[in-house]
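S.K.: Sequence:
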Amino acid sequence: MERRRIRWDRVAMLAIPLFVICLLIFTQCGKGDDKPESSKGDNSGISSSASDLPVQSEDTFVVVIDAGHGGYDGGSTADGVTRLEKDDNLRLALATQKALEQYKDVTVLMTRTTDEFISLQGRCDIANEAGADLFVSLHRNCAAVGNGVEIWIDNADDRVDKLLAEYILELLEEVGISRNRGLKYGFRGVTDENSDNQADSYYVNAHTDMPSCLIELGFLTADEDNINFDTHLEEYAAAIARGIVELGTDEDLYQPAALQ
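The numbering of the sequence shown is my numbering, which starts it at 1 and goes up by one.
Hints may contain errors.
Unchecked claim - Below 30 Å or equal to it, Euclidean Cα-Cα: the simulated DSSO-like pairs (lysine-lysine) are: (1) Lys162 to Lys184; (2) Lys162 to Lys98; (3) Lys184 to Lys98; (4) Lys162 to Lys104.
These are calculated hints, taken from the structure and not from any lab test.
What you are looking at is a predicted structure, and each value in this text was computed from that prediction instead of being measured.
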């Protein structure tokens with residue numbers, strides 16, 4: 001009987017495709033096993049919006065700017081309730097934010113950037129949870145008789161708080177204010193955060209973990225102060241920003257090499 005020859009060319013035609021298919025299957029099965037452990041599942045507790053947060057280096061100088069009042073809490077009023085403190089506070093806060101962002105490695109956190117109500121403790125929480133270096137709250141004053149600028153701190157024993165207030169007040173005076181009313185200490189009136197009393201604003205000085213101050217930039221009830229505020233808004237903001245940066249530099253909270 002004649003022996004059948006093996007057609008190696010046909011064997012090769014069948015074997016090569018089978019080998020390629022097996023190789024592809026093996027490669028696909030191995031994929032995914034080398035992923036970082038942190039990417040598996042959703043056990044990190046980090047929200048999906050966490051990637052939107054700014055990345056801060058260790059050298060970043062973190063400053064919280066607090067626009068007082070907001071939302072249903074209008075603060076002081078003037079001009080027959082046509083001028084509200086909350087609006088002036090926000091205008092100044094946004095201008096100060098812009099001025100601070102001109103400096104390298106400064107991260108500015110805002111307690112509010114729109115007309116919304118933020119509780120006093122909520123404002124403190126923003127600063128404390130961020131581990132901010134400084135906290136500056138912006139307000140305007142109100143009285144039957146009175147004018148000028150004053151800055152409040154928690155107490156006279158807080159050296160850095162006092163320096164922060166002094167730096168800013170001196171620079172504001174260089175811009176031009178109707179009267180330098182100096183530094184004020186402690187609280188004025190009640191401190192219950194649920195009260196509507198304007199004096200509650202001083203709550204933030206006592207409940208923030210970092211050096212802080214509260215600026216009363218003129219009286220809404222004083223025409224000269226309102227004119228100064230409207231005329232020198234950008235200059236006031238620049239002065240506040242400069243005072244913050246100079247204090248941060250002098251107290252080693254902000255590296256001089258980072259200055260522009």
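S.K.: Sort out which numbered hints this structure fails and list those numbers smallest first.
M.R.: Violated hints: none at all, because every hint is consistent with the structure.
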